[in-house]
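Visitor: Sequence:
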Amino acid sequence: MPSSRCVAVLFDAQLDLATEVHRGVVDYLGQHTDWQVLPLPAAQEDRLPELLRGGMVDGVIGSFVSDSWAAALGPVPRVNTSSLSTIRSIDSVVVDDHAIGRLAAEHFLSNGLRSLGYVGLGGCVYSAARLDGFLAALDASGGTGRAGVACLTWLPQRLHELDDWLAGLARPAGVFCASDLVARAVVQSCRRLGLSVPSEVAVVGVGDSYLDAVFAGIPLSTVPLPGRRLGAAAAELLAARLAGYRGPVRRVVVPPTCLLSRSSSSVVHGTDEVVSGCLAYIQGHLHEWLRVDALARRFGVSRRTLEMRFQAALGRSPAGEIRRRRLDLARQLLRDGSLPIREVGRRCGYLEPQQFSAFFRTQMGLAPRQYRQQAAPAAVER
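Take the sequence shown: its position 150, counted from the start at 1, is 150 in my numbering, and no numbers get skipped.
The set of hints was computed from the structure by calculation and includes no laboratory data.
As the structure is a computational prediction, the values presented were derived from the model and not from experiment.
One should not assume that every hint holds.
As the list claims (entries may be wrong) - Restraint ranges, calculated between C-beta atoms of paired labels, are given here:
id	residue 1	residue 2	range
1	G320	Q354	21 to 29 angstroms
2	A136	R316	15 to 23 angstroms
3	Q354	G74	19 to 27 angstroms
4	A167	G145	31 to 39 angstroms
5	R250	S68	18 to 26 angstroms
6	A147	G300	22 to 30 angstroms
7	S68	C6	18 to 26 angstroms
8	A280	L339	49 to 57 angstroms
9	R304	G148	28 to 36 angstroms
10	S196	S4	34 to 42 angstroms
11	Q355	S317	16 to 24 angstroms
12	A71	A280	54 to 62 angstroms
13	G148	T33	45 to 53 angstroms
Where a beta carbon is used, it is the ideal one built from N, C-alpha and C, also for glycine.
Please work from the sequences and hints to get the whole structure.
Guide: The structure is reproduced here in structure tokens:
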């Protein structure tokens, strides 16, 4: 295969995701070829047809708005990396949006929330799919299901509609948002209404956008998008097309890795005083080796009583809650990438790296270092 291949990677308004897709493409091409990668910002997309006509670009990876838009680029191999619309004419690598919705539903339910809402984006296939996954998980939970979920399509120019919708929710409420941009708008609306986040309204977004969290004024709970894996998989599909593959259109679905629980949704609702006290203690002492019997003694109840109260309030045991919170912390620290893995283990209560690795592998199916490589872009490997 010629070494002078040039692949254009399109950057759109979802800059965080596009950046990670680009990194994934570079990762793959660095390991398999010596192609050149041409990043093309949204403001310069009108250059693409000219570059294609001049033979300067051999393939394109990016977020395609529609099949007709993809067709306008001509016969050059293309791979789509988004679900803005349903793309059928070219290969696609997309995130599992149903799984994103499921993670959000499970998070709210585990925190004791039953008044739930969804704020979506009109005209986006991924927004509808995230809602479908959210509702399906609620139906499967055995509770009230989708019947009690309030839905709103967010329009940034109509602030009063979002304000009125939020004001009408029974509280405490959990609001799942199609993106971190929408989550930021919801938090700002809560601030205008004098509603406390997360004690009155818990908010979860999608995308792990640093800028949206900054402008929201609170760390946003979010489902990170696996952009780097999307990019690597897209590069693999494109490489096959450039190597002569003429088979049917392929669609690869990449699952999200986790939901990162942060300040915008970190309160557990509807629990009794003993359980609430235990949860606060657990969260503040994750770096210690926590024992359930010692926890029960601290709060003046028997271990069996504590187990029963946790099951009634949260649907899981104290030990299960400790594991869940340690796993959440571990995933967040590994994604951040600034701490050695040994120190991540210590902060999660594991003095020995082998113990931490065994715990993490049991819960996630892969080692901490592998998770960091997949889920923590630009992480410092140690």
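Visitor: Now tell me if each hint is right for this structure.
Guide: Outcome of the hint check:
1. G320 / Q354: 21 to 29 angstroms: Holds: the Cβ-Cβ distance is about 22 angstroms, inside 21 to 29 angstroms.
2. A136 / R316: 15 to 23 angstroms: Check passed, 21 angstroms falls within 15 to 23 angstroms.
3. Q354 / G74: 19 to 27 angstroms: Since the Cβ atoms of Q354 and G74 sit about 55 angstroms apart, the hinted range of 19 to 27 angstroms is violated.
4. A167 / G145: 31 to 39 angstroms: Between A167 and G145, where Cβ atoms are some 24 angstroms apart, the hint is violated.
5. R250 / S68: 18 to 26 angstroms: holds, 20 angstroms
6. A147 / G300: 22 to 30 angstroms: Distance hint for A147, G300 is violated at roughly 40 angstroms.
7. S68 / C6: 18 to 26 angstroms: Given about 25 angstroms between the Cβ atoms, the range holds.
8. A280 / L339: 49 to 57 angstroms: About 24 angstroms separates the Cβ atoms of A280 and L339, which means 49 to 57 angstroms is violated.
9. R304 / G148: 28 to 36 angstroms: holds, 33 angstroms
10. S196 / S4: 34 to 42 angstroms: violated, 58 angstroms
11. Q355 / S317: 16 to 24 angstroms: Since Q355 and S317 have Cβ atoms about 20 angstroms apart, the given range 16 to 24 angstroms holds.
12. A71 / A280: 54 to 62 angstroms: holds, 57 angstroms
13. G148 / T33: 45 to 53 angstroms: Given about 52 angstroms between the Cβ atoms, the range holds.
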